[in-house]
Every structure is written in structure tokens, then in C-alpha cells.
Amino acid sequence: KAGVTQTPRYLIKTRGQQVTLSCSPISGHRSVSWYQQTPGQGLQFLFEYFSETQRNKGNFPGRFSGRQFSNSRSEMNVSTLELGDSALYLCASSLGQGFNSPLHFGNGTRLTVT
Amino acid sequence: AQRVTQPEKLLSVFKGAPVELKCNYSYSGSPELFWYVQYSRQRLQLLLRHISRESIKGFTADLNKGETSFHLKKPFAQEEDSAMYYCALSERNQGGKLIFGQGTELSVKP
Numbered sequence: 004k005a006g007v008t009q010t011p012r013y014l015i016k017t018r019g020q021q022v023t024l025s026c027s028p029i030s031g032h033r034s035v036s037w038y039q040q041t042p043g044q045g046l047q048f049l050f051e052y053f054s055e056t057q058r059n060k061g062n063f064p065g066r067f068s069g070r071q072f073s074n075s076r077s078e079m080n081v082s083t084l085e086l087g088d089s090a091l092y093l094c095a096s097s098l099g100q101g102f103n104s105p106l107h108f109g110n111g112t113r114l115t116v117t
Numbered sequence: 004a005q006r007v008t009q010p011e012k013l014l015s016v017f018k019g020a021p022v023e024l025k026c027n028y029s030y031s032g033s034p035e036l037f038w039y040v041q042y043s044r045q046r047l048q049l050l051l052r053h054i055s056r057e058s059i060k061g062f063t064a065d066l067n068k069g070e071t072s073f074h075l076k077k078p079f080a081q082e083e084d085s086a087m088y089y090c091a092l093s094e095r096n097q098g099g100k101l102i103f104g105q106g107t108e109l110s111v112k113p
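As given, the protein sequences belong to chains A and B, one line each in that order. The first sequence begins at 4 in the working numbering and counts up by one. The second sequence begins at 4 in the working numbering and counts up by one.
Rather than coming from a laboratory, the hints here were simulated on the basis of the structure. Computed from a predicted structure; not experimentally measured. Don't be surprised by glycine CBs; every beta carbon is placed ideally from N, CA and C. Some hints could be false.
Claimed, not checked - Label-pair distances were calculated between CB atoms; the ranges are:
no.: 1; chain 1: B; residue 1: 8; chain 2: A; residue 2: 4; range: 28 to 36 angstroms
no.: 2; chain 1: B; residue 1: 81; chain 2: A; residue 2: 54; range: 21 to 29 angstroms
no.: 3; chain 1: A; residue 1: 19; chain 2: B; residue 2: 78; range: 52 to 60 angstroms
no.: 4; chain 1: A; residue 1: 55; chain 2: B; residue 2: 15; range: 42 to 50 angstroms
no.: 5; chain 1: B; residue 1: 44; chain 2: A; residue 2: 5; range: 15 to 23 angstroms
no.: 6; chain 1: A; residue 1: 91; chain 2: B; residue 2: 82; range: 20 to 28 angstroms
Stated by the list, open to error - Some chain B residues well away from chain A (every beta-carbon gap over 12 angstroms; in silico):
no.: 7; residue: 17
no.: 8; residue: 18
no.: 9; residue: 49
no.: 10; residue: 55
no.: 11; residue: 78
no.: 12; residue: 79
no.: 13; residue: 105
From just these sequences and the hints, can you work out the full model?
Written as C-alpha cells, this is what we have:
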């Protein structure tokens, strides 16, 4: 089975721009979660989608948004980019909720905001 | 507030020595606890979870609710165990939303 695929791998954007990151989950997985990883804050939960519905949301400003499509693929969008948004953005998929559904992570998209 | 603390940023041991990576948490309910590992140039992956009470690659972790700890242990470290280890917590049946500790880098020297 193919793993979680995130595109693009690297992005360089300018302050004020917006960006869209894409995640293709493992086939059959219906839940997709997004995380931001930075050296200072570590791994922080952004949001989770299950069957096209946002199930959980982390403590991030409204500039961060996401969606999930009927094929479980997910996108996250960051508008009005700030320098502090520079980070590795990780996507993870699972069969569903609960401890029987461990998260499978992608390799991430590294976003640099200049 | 929910919080996961890994007090050691770096743990360095010699091959064959015992290893204990510490993890403490604060949570008011009944959490689910996990250890994730990231080997060099690989993606983050699940190592083990408390509910399974299993041993993976020789590692075990016991949930101590009294001390709110979930330390990861291995009796004899191997060089291939060198990696970044993250302790994580989720609410029951909220597996997509994990709260991670800051991580501990384990370095096993020959």
C-alpha cells in the first residue's frame, strides 16, 4: 500500500501570500489530521477531518483552514502568510477514530516564508 | 490543560546499556498514550501504544496513572535505536488529535 503522500515537498512564499498544501491518505483511510512542526513549539495539532467533516480543531488562528474531499484527500490553506508560519506541515491518516486507528504520517511539506 | 512533558532533549547511552525515555502527562480524564519514533530521514511512525501492552523492537512502556507517567524502556540499547522519540496523548476515541511532547533524541554509541 502506498503511504501518505504530501505535495509539494518544499515551498517558498512571501509574507502576505497564501498557500495550499495537499495530502493523499492511505487508501481506505477516512481520517486526515494536520500538524505543524517547528523547532520552538514542536508538533502542534491543527485540525482533523473525517468523512469530509472537521472533527477537531487546534488552537490556530482562522488564517489556517482545511477541507477534505469525498475521496478522503485533504488540503490545508494558510492565508496572509507570516514569517512565523515557516514550519514543516505534517499530514497523517488513519482508518477512523479511536485507539485502533493509529496515525500514519507523511513526509511533510516544508514551508518557508520570507 | 492537557500537556505532555519529555524532560530530556538528548539521551546518550552506549550499546547494550539500558534505556529509559521519560514522559509525564497532565490530563484530567482517561487518556490514550503513545510513543512515536522518527529515524533519520524517515517519517514519523507509531512505536507503541499503552492500550496494546505490547513490546515493539524490545521497547515497552507502562502507563502509571498515579505518577501520570508513560516512560519508554529497553533493557539493552542497540545502535539502530538511535532516533527521535515522541510521547503523545489523545483523548479516548479522539485518535486524530494528538498532543505531543517536545521529543527526546536518543543516541546509542558503539
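Hint by hint, here is what the structure shows:
Judged by the Cβ atoms, the range 28 to 36 angstroms given for residue 8/B and residue 4/A holds: they are separated by roughly 35 angstroms. Between residue 81/B and residue 54/A, the C-beta spacing of about 41 angstroms breaks the proposed range 21 to 29 angstroms. For the pair residue 19/A and residue 78/B, the beta carbons lie near 54 angstroms from each other, so the given range of 52 to 60 angstroms is met. As the Cβ distance of residue 55/A to residue 15/B is approximately 46 angstroms, the hint placing it in 42 to 50 angstroms holds.
For residue 44/B and residue 5/A, the hinted distance range of 15 to 23 angstroms is satisfied, since their beta carbons lie about 19 angstroms from each other. Range check, residue 91/A to residue 82/B: Cβ separation about 26 angstroms, and the 20 to 28 angstroms hint holds. The Cβ of residue 17/B sits about 28 angstroms from the closest Cβ of chain A, beyond the 12 angstroms cut-off, so the non-interface label holds. Chain A leaves residue 18/B outside its interface by the beta-carbon criterion, the shortest separation being 28 angstroms against a cut-off of 12 angstroms.
A cut-off of 12 angstroms between C-beta atoms contradicts the statement that residue 49/B is not in contact with chain A; the least separation is 4 angstroms. Against the 12 angstroms criterion, residue 55/B falls within the reach of chain A, whose nearest CB is about 8 angstroms from its own CB. For residue 78/B, the shortest C-beta to C-beta distance to chain A comes to about 25 angstroms, beyond the 12 angstroms cut-off, and the non-interface label holds. The claim that residue 79/B is not at the interface with chain A holds, since no C-beta of that chain comes within 12 angstroms of its own (minimum 26 angstroms).
Once the 12 angstroms rule is applied to beta carbons, residue 105/B is inconsistent with being away from chain A; the minimum gap is 5 angstroms.
The earlier numbered hints that this structure contradicts are 2, 9, 10 and 13.
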